[in-house]
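Order-wise, the sequence lines are chains E and V. Residue numbers in the first sequence follow this note's numbering, run continuously in steps of one, and reach 436 at the last position. Residue numbers in the second sequence follow this note's numbering, run continuously in steps of one, and reach 1436 at the last position.
Some clues are possibly wrong.
Claimed, not checked - A few chain V positions that, by computed beta-carbon distances, are all more than 12 Å from chain E:
hint, residue
1, Thr1003
2, Leu1019
3, Ile1130
4, Pro1142
5, Ala1225
6, Trp1357
7, Ser1366
What the hints assert, rightly or not - Okay, the calculated beta carbon distance ranges per label pair:
hint, chain 1, residue 1, chain 2, residue 2, range
8, V, Gly1005, E, Trp393, 58 to 66 Å
9, V, Val1002, E, Val353, 33 to 41 Å
10, V, Leu1147, E, Val353, 46 to 54 Å
11, V, Thr1138, E, Val353, 41 to 49 Å
Bear in mind the hints are in silico, worked out from the structure with no lab data behind them. No experiment lies behind these values; they were computed from the predicted model shown. Backbone N, C-alpha and C define an ideal beta-carbon position, used for all residues, glycine too.
Protein chains: 2
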Amino acid sequence: MVTLGFLATIAVGTILLSLPIATEGARATFVEALFTATSATCVTGLVVTDTAVFWSGFGEAVIAVLIQIGGLGVMTLASLLGILLTRRLDLSSRLVAAASTRSVGLGDVRGVLTRVIKIAVVVEGICAVILVARFAITYDMPWGTALWQGAFHAISAYNNAGFSLFSDSLMGFVGDPWVSLPISFAVIVGGIGLPVIAEVARALRARRRPRRWSTHTRITLWMTAVLLVGSTLFFLAAEGDNTATMASLSPGDKILSAFTQAVMPRTAGFNSLDTSQMHHETWLGTIILMFIGAGSAGTAGGIKVTTFAVLGVVIWSELRGEPDANIFDRRIAPATQRQALTVALLGVAIIIVPTLWITATTPGISVAEILFEVTSAFTTTGLSTGITADLPWFNQLALVPLMFVGRLGPITLGAALALRSRQRLYRMPESAPIIG
Amino acid sequence: MVTLGFLATIAVGTILLSLPIATEGARATFVEALFTATSATCVTGLVVTDTAVFWSGFGEAVIAVLIQIGGLGVMTLASLLGILLTRRLDLSSRLVAAASTRSVGLGDVRGVLTRVIKIAVVVEGICAVILVARFAITYDMPWGTALWQGAFHAISAYNNAGFSLFSDSLMGFVGDPWVSLPISFAVIVGGIGLPVIAEVARALRARRRPRRWSTHTRITLWMTAVLLVGSTLFFLAAEGDNTATMASLSPGDKILSAFTQAVMPRTAGFNSLDTSQMHHETWLGTIILMFIGAGSAGTAGGIKVTTFAVLGVVIWSELRGEPDANIFDRRIAPATQRQALTVALLGVAIIIVPTLWITATTPGISVAEILFEVTSAFTTTGLSTGITADLPWFNQLALVPLMFVGRLGPITLGAALALRSRQRLYRMPESAPIIG
Ligand SMILES: [K+]
Ligand SMILES: [K+]
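Okay, chain E solo, but in the shape it has when bound (with noise of 0.2 Å):
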């Protein structure tokens, strides 16, 4: 039902985005209206138009709304799945009828809905406010324009879409704190989720301390402070020196490019470097970063930050000898482990089918560039080295596809795992194959 949902809003999209008001100039051929329709709805930002440039007024609209529905309809509909799968873990433990668990009601639809309404409003209005007042004061923007471009890129970041009204994203605001920073916020406010904000807004007020919260909470905000952190780094020491990106910046702006690099890839997709001209080990660096993404049930795609963490703490409990994977005194459930790998390999044969094939289909441009487009397609990121634009149509169409099973696929299946479970019958011997 609710990947009709999307289809429907996707389609509706399409057909708004093809009327001949949607554009300034020519109209809107098929292929460009669904994938810009698709990739605003999935909130990947990738674009095979110049966003700025070739839509109209009434265009951008349009795209805005998509942004809007989806990445709220996202997080909605992820934060629901945990809720069914809190409530499930917890009656299964106290060994209740499972049948009347499977359901949410109406009431928690609406509790969740007005919650993620509720935290949408606040965050994209803080970071649309300073957006207007920067752009019509010190940009000299007229009022009219300062409003559209503000809350558009208040939508765009705070639903990590990372769709720009500016033709190079936000390359003309690199040293601009007023700019990157309030982006940067919403985008991480956003990509958190809002299990980890609810609790963490829950906390603050009941001064519940840290070392108290969820399991989850915990891992989510770790992840994001040693993500955030590590890749400023990386980007800091991989960029420094390019001189079509970092290297005549101020060291102040250095940091600050540095770290809105970094948070990009977490998947909001804007930009305030060049891309294209980055260092091949930097697009490397972020083709990891986005396949990790942000945390579970926000707006952001990926395989998530607790699917990595979880990996990680499993690998590490196996090459200490634990039997137990241990994470902040909490064991990580056997069946959560199992959805870790699964999600996570899953996730690497996902992006490896359409690299192989655009490879084969498309002479002349790097695997490189290849990889990191389909990596940024299906972790929704919209992050571009620039060569979607020139892809041939049937490559462009290939990626809608995975825009939309990166944007649904790892929280459905994550959540259908965790909620399927069969009656074991009978058990098979055990056997252990030698590995490695």
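Put chain V with the ligands on the given structure of chain E with help from the hints.
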């Protein structure tokens, strides 16, 4: 101790290859001697010099001996670890005190060594006889030359080393089944691993039906068949139209070269087609095949087909909602599942780091080529897009520990994980963070 043995072999090899009599012309530099000795002992097959032209007869003989020691050494080591594991599992399941099980007796060592040498002599002998006859009769080589060429290539093939005394590897024999097939035969048998060879030999003698073979053997044989057929088809599809490799061949030669090409990434490293001229999608496919490798406790590298199969089965069971991961009517032990995950993901991590490093420090070489070369070094395959000889000396040196880790890492890691198991003194409360 085993690590020391390998290091000592490499040290002696480096010294011998540094001698003036080891080369035809100018004496080998330290990096050339060390790289070649490591590549031979780890049966990797990557080269920084043209083996046929650069080394003298003495140098070639040193390389052959290093290959034989390295290949049989690894086979013996892994087989002994396998015995140790089986025993320990048997004992622990019978609740016998674990203290006495940590050691493998001298009798075991002698038994395994005898078997390892016996099989090597038989398979290398068969391969060598056919090659020598073919080289002498069809290619008009003097018998002395044919004998040396046949013996060297048989040793290099059975030990999955991939060193060749022809500057273009087997490309001169692309259409000759009497060269390609005996070499492929030796490669497959060497790569399938002693436990499987031994069990199949016993089973055939005892006329035991395949259904009663061990899970390890059945997984290995099935995966070998599936991978060989699948990758033959892949190479036919990917390279069939490539004028620089397969396009000009007759249909029969196409199939022969595709089959040879399918055998070599697991992980022998000969090539009868020009690797540097292949399409990039072929490189990607080859990278995946190299990473998987061949059978455990053989002469091949990679994470091994059983590891790959176990991960596949775990994901499949998870998708189907099965609480157990079953294959061939056997339940895969949870510990084995975690071992497979650890070996595979650590393998990915170990490949990513040098790929990033070499990309950052060697401008002008594509990421695809570097990833290919690093994977080839780690999996001890030795296939090359041709960049290794052109890398700066410090990056050639960087491949040396990588070949070493790739050779001993997965084997000893797998065994170490299986042997180590700490007492569980207390358990943390369970927790299930949201995945995906
Ligand atoms: K995005
Ligand atoms: K090899």
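Do the hints match the structure? See the list:
no. : hint                             : in the structure
1   : Thr1003                          : holds (15 Å)
2   : Leu1019                          : holds (36 Å)
3   : Ile1130                          : holds (31 Å)
4   : Pro1142                          : holds (44 Å)
5   : Ala1225                          : holds (16 Å)
6   : Trp1357                          : violated (8 Å)
7   : Ser1366                          : violated (6 Å)
8   : V:Gly1005 / E:Trp393: 58 to 66 Å : holds (59 Å)
9   : V:Val1002 / E:Val353: 33 to 41 Å : holds (39 Å)
10  : V:Leu1147 / E:Val353: 46 to 54 Å : holds (47 Å)
11  : V:Thr1138 / E:Val353: 41 to 49 Å : holds (43 Å)
Hints 6, 7 from the list above are not met by this structure, while the remaining hints are.
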